[in-house]
Amino acid sequence: MHKGFRFTSALEMAGIYLVVGILVLAGMAVSPKFLTVDNLLSVLAAVALLGMVASGMAFVTYSGNLADLSVPAIMAFSGIITVAALPAGLPLALAAGILAGLAIGALNGWVVGRFNANSILWTLAVAFFMEGFMRFMWSNNQVYPDTEPGSTGVAFIGIFRTRVGPVPLIVLVMVAMFIIAHLVMTRTRFGRESQLVGSNRAAAQTSGIRVSRVVLLNFLAAALAASIAGIFLASMNKLGVFYLGQGYDFRAVTAVVIGGVMLSGGRGRVAGVFGGVLVIGLLTNIMQFIGITSLRQNIVVGLVFIAVVGLQQYRLRVRGKDYA
Amino acid sequence: MPKRYDIARLLNEHRALLMLAALWVVLSAFVPTFLSTHNAATILKGASLNAIVAIGFTLILILGQLDLSIGAVVMLSGMLTIGLQPQLGWIGAIAVALAAGGLIGFVNGWLVVKARINSFIVTLSTMTTVTGLMYLYCDGGSKSVNDFRFADWLETPILLFLPPMAIIALLLVVGFNVFLHRTRLGRNLFLVGGNPEAAWLAGVKRDRYVMMGFVLCSCTAAAGGALFAASLGAMTSAAVLGARTLMTVLAAVIIGGTKMTGGKGSVLKSYFAVLMLTTLFNGIGCIGLGFEVQIFVNGLVLAVVVLYEAYAIHRHDLLKGRRPGLMQEAETGAVFKDDAVSNNMEEVEMRSNNDRLALVCVTLVALAAIVTNAVLYSRDMSRPIQITVSAPGAPVSPAAGEAMREQGDDVYALRGTDGQPYLLPSREAAAIPPRPEDPSALPETDKGHWWDIEFAGWQVEKAPMPESPKDGPKGKRVVLLKAGDHPYWTAYVRGFNAIADAYGMERKIFNSNWNMDLQAQQTDQAINERPDMIIFAPVDATASTLLLRRIHRAGIPCITSNTIPCDEAMKYCIAWTGPDDWGQFRMLARVFADAMNKQGGYAVVRHMPGSSPFFARTYAPITELREYAPDMKLLAMDTANLEAEGTMQLVSAWLSKFGDELKGLVLAGDGFSMTGTLEALREAGREDIVIVAAGNSKTGMDSVKAGEVLAISYQSAEGDGALAIHSAARWFNGEHLDPVVYLPRHIITQQDVDEFMPAQW
Chain A
27 MHKGFRFTSA LEMAGIYLVV GILVLAGMAV SPKFLTVDNL LSVLAAVALL GMVASGMAFV
87 TYSGNLADLS VPAIMAFSGI ITVAALPAGL PLALAAGILA GLAIGALNGW VVGRFNANSI
147 LWTLAVAFFM EGFMRFMWSN NQVYPDTEPG STGVAFIGIF RTRVGPVPLI VLVMVAMFII
207 AHLVMTRTRF GRESQLVGSN RAAAQTSGIR VSRVVLLNFL AAALAASIAG IFLASMNKLG
267 VFYLGQGYDF RAVTAVVIGG VMLSGGRGRV AGVFGGVLVI GLLTNIMQFI GITSLRQNIV
327 VGLVFIAVVG LQQYRLRVRG KDYA
Chain B
17 MPKRYDIARL LNEHRALLML AALWVVLSAF VPTFLSTHNA ATILKGASLN AIVAIGFTLI
77 LILGQLDLSI GAVVMLSGML TIGLQPQLGW IGAIAVALAA GGLIGFVNGW LVVKARINSF
137 IVTLSTMTTV TGLMYLYCDG GSKSVNDFRF ADWLETPILL FLPPMAIIAL LLVVGFNVFL
197 HRTRLGRNLF LVGGNPEAAW LAGVKRDRYV MMGFVLCSCT AAAGGALFAA SLGAMTSAAV
257 LGARTLMTVL AAVIIGGTKM TGGKGSVLKS YFAVLMLTTL FNGIGCIGLG FEVQIFVNGL
317 VLAVVVLYEA YAIHRHDLLK GRRPGLMQEA ETGAVFKDDA VSNNMEEVEM RSNNDRLALV
377 CVTLVALAAI VTNAVLYSRD MSRPIQITVS APGAPVSPAA GEAMREQGDD VYALRGTDGQ
437 PYLLPSREAA AIPPRPEDPS ALPETDKGHW WDIEFAGWQV EKAPMPESPK DGPKGKRVVL
497 LKAGDHPYWT AYVRGFNAIA DAYGMERKIF NSNWNMDLQA QQTDQAINER PDMIIFAPVD
557 ATASTLLLRR IHRAGIPCIT SNTIPCDEAM KYCIAWTGPD DWGQFRMLAR VFADAMNKQG
617 GYAVVRHMPG SSPFFARTYA PITELREYAP DMKLLAMDTA NLEAEGTMQL VSAWLSKFGD
677 ELKGLVLAGD GFSMTGTLEA LREAGREDIV IVAAGNSKTG MDSVKAGEVL AISYQSAEGD
737 GALAIHSAAR WFNGEHLDPV VYLPRHIITQ QDVDEFMPAQ W
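Protein chains in written order, with the numbering used here: chain A, 27 to 350; chain B, 17 to 777.
Worth flagging that the hints you see were computed from the coordinates, not collected in a lab. Among these hints, one or two may not hold up.
DSS-like, lysine-lysine: derived pairs with alpha carbons at most 30 Å apart [as the list claims (entries may be wrong)]:
(1) B/Lys221 with B/Lys130
(2) B/Lys649 with B/Lys587
(3) A/Lys59 with B/Lys221
(4) A/Lys59 with B/Lys649
Working from the sequences, and respecting the hints, build out all of it.
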């Protein structure tokens with residue numbers, strides 16, 4: 027029984043990698059320059075930040091809380107705080123940035139977990155007032171690090187630009203975050219509790235799971251991932267400002283859902299989300315190779331998204347596992 | 017007798033109306049400019065887009081579904097309305113827009129009902145797809161019509177102070193309210209959303225209702241978009257409009273008391289909530305606080321509402337199943353009785369009591385509102401608006417004139433944070449080539465194709481302009497309607513304030529956050545303030561025509577700034593001041609070509625669609641290079657919305673695709689798009705590529721200094737703001753202004769970059 031479940035769940039995940047495979051073939055057909063190490067690395071680098079955010083967002087969706095719309099605010103806030111705290115030294119600044127992001131995550135998690143507030147609405151409200159707060163505090167300005175040679179600012183800017191051999195650090199961090207997220211979700215008690223909370227919150231409550239704590243941790247995971255991505259984003263842009271990170275909310279949800287995590291909660295795999303991120307990266311890359319402008323890419327992305335998700339749902343329905 | 021808990025519940029039931037009333041009372045008491053029929057009309061008119069969209073959104077939430085595509089539908093339908101009006105007339109165009117909305121709703125409904133996909137996912141996908149379709153239709157530009165009669169009719173008061181636009185919104189709200197509560201079809205929506213099992217047992221076909229809900233939701237969104245576009249006589253493709261509409265409507269509907277879980281909601285309450293948010297934005301603007309406060313308060317109100325509702329349910333859940341008596345007490349305020357039936361009866365009676373009380377409250381508020389408005393109306397009518405036009409030809413004493421000129425010289429001596437003067441006295445005369453016969457017949461790669469945009473305003477025949485009072489700028493009240501918040505605009509305001517202070521001018525600043533809807537409201541608000549001058553920085557070059565015309569009709573002199581409006585719009589303003597985007601990029605293109613020995617392939621990273629640099633900073637270099645360096649080949653052009661990550665991905669793909677063929681890049685911005693580009697080049701090890709970009713941010717200047725970038729244009733943000741207010745001051749002095757006043761043109765290279773440090777932003 028248990029084995030059977032694992033097998034089907036692996037099959038579900040294989041679906042998204044089938045799409046990845048098709049896209050790779052399509053890319054090879056489009057251009058001989060597609061399947062080069064450089065190009066594939068650039069695809070990975072391009073979706074690295076999105077992947078980081080999605081690896082955290084997956085926890086929120088998995089536990090049945092749809093999405094965290096305050097992700098852009100978390101990214102911007104952690105970036106600004108890190109840049110502002112740079113005079114205190116790089117490690118301290120990074121810690122401050124992540125703590126700032128976690129603080130928002132804790133607020134989200136506490137409210138949604140404790141009072142079962144609607145997560146979409148609550149995180150939207152948080153995104154609104156955080157935007158106002160950041161605009162007000164920094165008077166709509168960009169915060170720059172000190173870029174004197176040898177200063178912490180230079181080290182901070184270098185974070186995004188670090189490479190390990192030919193591979194950019196951000197790609198490694200993204201992969202590491204996915205592996206950790208995968209292990210946490212499948213191998214820990216917290217992961218199993220998240221699944222139960224996502225499948226049936228009331229049942230989880232009744233069976234003695236501290237739902238509020240589990241939800242809090244889920245939002246903290248999303249906030250942690252978003253803060254790390256936000257710090258990389260600030261490092262890339264060499265500054266912190268209130269609008270960095272805009273659009274990552276819906277983009278990350280797209281990656282999570284296309285990767286097979288059900289919005290109804292309790293179903294899906296982190297490895298699938300990684301596949302979803304790859305699909306988005308490859309699709310954009312191929313369209314750029316063909317020369318489809320970004321104005322029209324929207325149409326293709328929207329259609330591919332609904333087609334893939336529709337197929338997943340259809341397969342579930344055929345097997346009588348229709349939860350949605 | 018209602019108990020404490022009942023009153024709390026009653027207050028909560030009508031929270032949107034109460035918040036609205038409270039806001040009106042507070043603002044009327046403390047903000048002198050707030051209470052007038054003009055402002056009331058501004059609010060009612062300004063709320064109409066969101067109000068109409070909120071109707072359908074309320075329906076969809078009642079059904080327990082979600083529709084994220086409304087913002088995109090608003091934009092597509094607005095674009096269709098304007099695009100098809102010349103062929104089909106207003107009725108035909110609006111009908112097509114509504115049909116398109118209905119079709120999108122049908123697709124949404126079909127996917128939710130038949131394919132059984134969660135509506136969040138379905139509409140997330142339609143949101144992206146419909147945005148793409150909108151761009152496909154308009155190609156990232158704006159559309160406009162030449163016939164303003166319909167737009168004029170929409171905003172001319174026909175019933176007391178109410179213009180048709182507000183009345184249409186009101187009628188739709190009332191109509192849908194009746195539909196929801198008084199017809200079987202409407203009431204079944206609540207059943208389907210609130211209790212699907214009961215609906216099924218009652219033989220209500222859920223699927224049909226859900227389908228109907230999605231179609232109605234998209235149709236109302238389309239109606240809102242069509243009406244909005246018609247009221248402007250134009251439509252912008254800047255996606256901010258759609259995104260903000262979605263967010264504001266979502267917030268408003270929830271504040272109005274509609275539940276996301278379905279089965280509960282009211283169109284009327286959503287309307288009150290939309291009005292409340294519009295009033296909030298209006299009032300905060302009246303006080304003179306910025307967008308940051310508006311969005312903050314908006315978030316706070318939403319947070320409190322969400323928290324309160326969650327807490328109420330939480331409290332309910334805590335009591336549930338533990339002590340039924342306590343629960344009953346908490347719910348009804350009644351002491352638990354043994355006789356359940358009588359208890360029920362009592363509850364029913366209490367409910368009807370509540371309803372009666374609510375009705376009385378609502379009637380009282382409505383009556384008060386009507387009376388206040390009637391009083392205001394008669395007061396406003398009896399006191400005609402005073403237009404500040406001084407007696408023509410009032411002589412300026414020579415001494416005063418002398419002092420002014422001296423003051424003016426001081427202004428030229430002022431320097432900005434980059435050490436450059438805010439203003440340069442001499443301006444080179446612009447050489448305007450003759451207009452081609454039919455610019456649109458020429459290909460896009462021909463200079464002539466863009467003539468109307470590049471040289472907008474130079475040869476337009478101005479409508480009669482208000483007379484200058486010729487008494488100098490001191491003490492004049494100026495309203496600045498700025499396009500949005502960005503570090504560039506922070507610097508802009510710095511320059512603006514420096515010159516205004518030097519002249520002793522008063523000013524008030526509104527910020528529309530790149531949202532056309534908000535800018536339309538703020539224009540009305542600015543007119544209501546009756547300032548001596550409005551300085552208008554358009555969100556959209558084309559869609560601002562009617563707004564400028566409105567200002568002109570109110571008899572207020574207006575100078576446009578920063579984004580150059582289209583030819584038609586230039587009729588209604590005294591002058592435009594700002595950067596010569598086209599000229600700068602032509603200069604930049606020549607520097608670019610020289611560095612590349614006039615050969616090799618190049619690509620263009622474009623600005624955001626829906627903005628005017630989207631065209632200027634793409635086609636100025638392309639057309640210039642075609643003539644100046646015909647051997648250079650345009651390989652690709654695309655936008656990444658000025659995001660670093662997106663640009664990095666785009667440029668990386670180009671590098672993979674074109675390889676060594678790609679020798680140069682033209683960037684529409686030297687901020688994030690430059691950062692992304694440089695990253696992509698570094699990863700590919702291509703330091704040989706020549707880059708030029710629009711400037712001049714800190715990022716850009718650092719890159720020029722480091723030798724990573726060949727050249728950027730000098731576009732002083734502080735100078736931009738200073739030039740606008742300085743031109744206003746010159747107008748108050750009675751000086752003649754050219755129709756177009758450019759900032760100085762300059763290209764920054766490694767040789768002179770130090771002169772422009774430190775960067776303004």
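Each hint, compared with the structure:
For the proposed pair B/Lys221 and B/Lys130, the alpha carbon gap of about 13 Å is at most 30 Å, so the pair holds. Between B/Lys649 and B/Lys587 the CA atoms are separated by roughly 38 Å; this puts the pair beyond 30 Å, and the hint is violated. For the proposed pair A/Lys59 and B/Lys221, the alpha carbon gap of about 54 Å is over 30 Å, so the pair is violated. A hinted pair counts as satisfied when its Cα atoms are at most 30 Å apart, and A/Lys59 with B/Lys649 qualifies at roughly 21 Å.
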